[in-house]
Amino acid sequence: MKKFLIPLVLFFGLVVFLAIGLQRDPREIPSPLIDKPAPAFSLPTLDPAAGNFSPADMKGRVWLLNVWATWCVACRQEHPLLVAFAMRHEVPIVGMSYKEIQPQDAQAQTMDAPAKLQFARERSQVWLSRYGNPYVLSVMDMEGRVGIQYGVYGVPETYVIDKQGVIRFKAVGEVTPDILTSKVLPLIQKLNAS
Amino acid sequence: MAPVQIDAPRTPWPVWLCIASLAVWLVGHPPGQAWAQAPLSAITAPVTSAAPSGVAAPGNGLGPQAAPLSEEPELDARLLMLSEELRCLVCQNESLASSRAELADDLRREVRELLREGKSDQAVKDFLVQRYGDFVLYRPEVKPLTWLLWFGPFALLIGALVGLWVYLRQRRQQVDTTPALNDAERARVDQWLKD
Chain R
1 MKKFLIPLVL FFGLVVFLAI GLQRDPREIP SPLIDKPAPA FSLPTLDPAA GNFSPADMKG
61 RVWLLNVWAT WCVACRQEHP LLVAFAMRHE VPIVGMSYKE IQPQDAQAQT MDAPAKLQFA
121 RERSQVWLSR YGNPYVLSVM DMEGRVGIQY GVYGVPETYV IDKQGVIRFK AVGEVTPDIL
181 TSKVLPLIQK LNAS
Chain S
1 MAPVQIDAPR TPWPVWLCIA SLAVWLVGHP PGQAWAQAPL SAITAPVTSA APSGVAAPGN
61 GLGPQAAPLS EEPELDARLL MLSEELRCLV CQNESLASSR AELADDLRRE VRELLREGKS
121 DQAVKDFLVQ RYGDFVLYRP EVKPLTWLLW FGPFALLIGA LVGLWVYLRQ RRQQVDTTPA
181 LNDAERARVD QWLKD
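Sequence lines, in order, name chains R and S. Its first residue numbered 1, the first sequence is counted upward by one per residue in the working numbering. Its first residue numbered 1, the second sequence is counted upward by one per residue in the working numbering.
Hints were generated in silico from the structure; no laboratory data involved. C-beta: ideal position from N, C-alpha, C; glycine also. One or more hints might be untrue.
[Said to hold, decoys possible] Subject to a maximum C-alpha distance of 20 Å in a straight line, what follows is the list of computed SDA-like cross-link-like pairs (lysine to any residue):
no.: 1; chain 1: R; residue 1: Lys36; chain 2: R; residue 2: Lys2
no.: 2; chain 1: S; residue 1: Lys125; chain 2: R; residue 2: Arg145
no.: 3; chain 1: S; residue 1: Lys125; chain 2: S; residue 2: Arg78
no.: 4; chain 1: S; residue 1: Lys143; chain 2: R; residue 2: Pro32
no.: 5; chain 1: S; residue 1: Lys125; chain 2: R; residue 2: Leu33
no.: 6; chain 1: R; residue 1: Lys3; chain 2: S; residue 2: Val15
no.: 7; chain 1: R; residue 1: Lys170; chain 2: R; residue 2: Glu28
no.: 8; chain 1: R; residue 1: Lys170; chain 2: S; residue 2: Lys143
no.: 9; chain 1: R; residue 1: Lys2; chain 2: S; residue 2: Ala160
no.: 10; chain 1: R; residue 1: Lys3; chain 2: S; residue 2: Lys125
no.: 11; chain 1: R; residue 1: Lys170; chain 2: S; residue 2: Val90
no.: 12; chain 1: R; residue 1: Lys3; chain 2: S; residue 2: Gly159
no.: 13; chain 1: R; residue 1: Lys3; chain 2: S; residue 2: Lys143
no.: 14; chain 1: R; residue 1: Lys59; chain 2: R; residue 2: Gly165
no.: 15; chain 1: R; residue 1: Lys3; chain 2: S; residue 2: Phe135
[Stated by the list, open to error] Computed beta-carbon distance windows for the label pairs:
no.: 16; chain 1: S; residue 1: Asp134; chain 2: R; residue 2: Pro37; range: 37 to 45 Å
no.: 17; chain 1: R; residue 1: Ile6; chain 2: S; residue 2: Trp150; range: 24 to 32 Å
no.: 18; chain 1: R; residue 1: Thr110; chain 2: S; residue 2: Ala155; range: 22 to 30 Å
no.: 19; chain 1: S; residue 1: Glu74; chain 2: R; residue 2: Thr181; range: 28 to 36 Å
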């Protein structure tokens, strides 16, 4: 055996590892919540008259949970796709307005909690009437605490939740047409059939 | 007399393997992380714990004083220690302690409340791992999935040392079995050295 080949082989092994490493998106962190029950919560919704929503209300249906906010630029980018998808009535999409009030909203900082909620509802409503509303309802996670339960670390995020209330898929960042057709749609069809 | 050129012995491959394993280990355990954190907590811990004890005591004759930095110095110190071991998910190369991202703020608040409830450090880590995965831990748990990460470099090192030992033994045998120079060869060598 030619001994000078050994460093060469080691080098190419290293190159292969680095090449694989570079292909991966470091922002995509596999969620440990896949195949786990969706964390329970009870939150007020966008519609003040509608009362609180909890994931248990969706038992028996396959549904999407889409985390969004009016300040989120990528949300606006994915929004037309969600609106178009909602029109097909394949699955209900529940929105989760995540920390709608940001530190830069100076006028809202001194408000009390009900006023903040009111402020967030109004702004979200305006945004949805301008860009279209794909949501059957939208819950208001003002403090981002439910977001933490769901492991949200970047908005938008989209979860596919099955009839038993188990999270089956999570997309971090914008849902692209590719993700929708190659991953979300086949999964929804499979889950709906079961 | 011309200088005698002696070929430097080629680096044996086990040595390369040693270097590679060291490199792998360093990549897995960047020295900056563990070593840089120690001074940070050494600097900040006394600040948070010492401030409220004497400085703000009323009537100490030192005039008006700034309010204590924190009502819960011990909890703060624990929060700091713990959040230095946790990774911020938004700015991934920062710890939860050093990150100014909003999510880091929220997670620190969450950790603070868990600590206030009397949860152990391990329980807090478990809470975050259940939601964000092993990724949040700078020091991943030792379990079958991470065995390669933890023990791989040592396995490489042991392999390299065994290789080195075998190599040296072979070479010694070669040296032992190489026949000594005969008279004619010795004369030629002497001739070369004279030139």
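Exercise. Keeping to a limit of 20 Å between CA atoms, is the pair of lysine 143 of chain S and proline 32 of chain R held or broken?
Worked result: 16 Å, holds
Exercise. Range hint 22 to 30 Å: satisfied by the CB atoms of threonine 110 of chain R and alanine 155 of chain S?
Worked result: For alanine 155 of chain S against threonine 110 of chain R, whose Cβ atoms are near 60 Å apart, the range 22 to 30 Å is violated.
Exercise. Keeping to a limit of 20 Å between CA atoms, is the pair of lysine 3 of chain R and glycine 159 of chain S held or broken?
Worked result: OK: lysine 3 of chain R and glycine 159 of chain S at ~17 Å, within 20 Å.
Problem set entry | Distance restraint between lysine 170 of chain R and valine 90 of chain S, which requires alpha-carbon spacing of 20 Å or less | 17 Å, holds
For this session: Look at the Cβ atoms of glutamate 74 of chain S and threonine 181 of chain R and judge whether their distance stays inside 28 to 36 Å.
Result: 54 Å, violated
Exercise. Holds or violated: lysine 125 of chain S with arginine 145 of chain R, Cα cutoff 20 Å?
Worked result: With a Cα-Cα distance of about 17 Å, the restraint between lysine 125 of chain S and arginine 145 of chain R holds, given a limit of 20 Å.
Exercise. Does the alpha-carbon distance linking lysine 170 of chain R and glutamate 28 of chain R stay inside the 20 Å limit?
Worked result: 10 Å, holds
Exercise. Is the straight-line distance between the alpha-carbon of lysine 3 of chain R and that of lysine 125 of chain S 20 Å or less?
Worked result: 48 Å, violated
For this session: Indicate whether the distance between the beta carbons of aspartate 134 of chain S and proline 37 of chain R respects the range 37 to 45 Å.
Result: 20 Å, violated
Problem set entry | Proposed proximity, alanine 160 of chain S with lysine 2 of chain R (alpha carbon, max 20 Å) | 18 Å, holds
For this session: With a cut-off of 20 Å on the C-alpha distance, tell me whether lysine 170 of chain R and lysine 143 of chain S pass.
Result: 25 Å, violated
For this session: Can you let me know if the beta-carbon spacing of isoleucine 6 of chain R and tryptophan 150 of chain S is within 24 to 32 Å?
Result: 26 Å, holds
Hints 1, 8, 10, 13, 15, 16, 18 and 19 from the list above are not met by this structure, while the remaining hints are.
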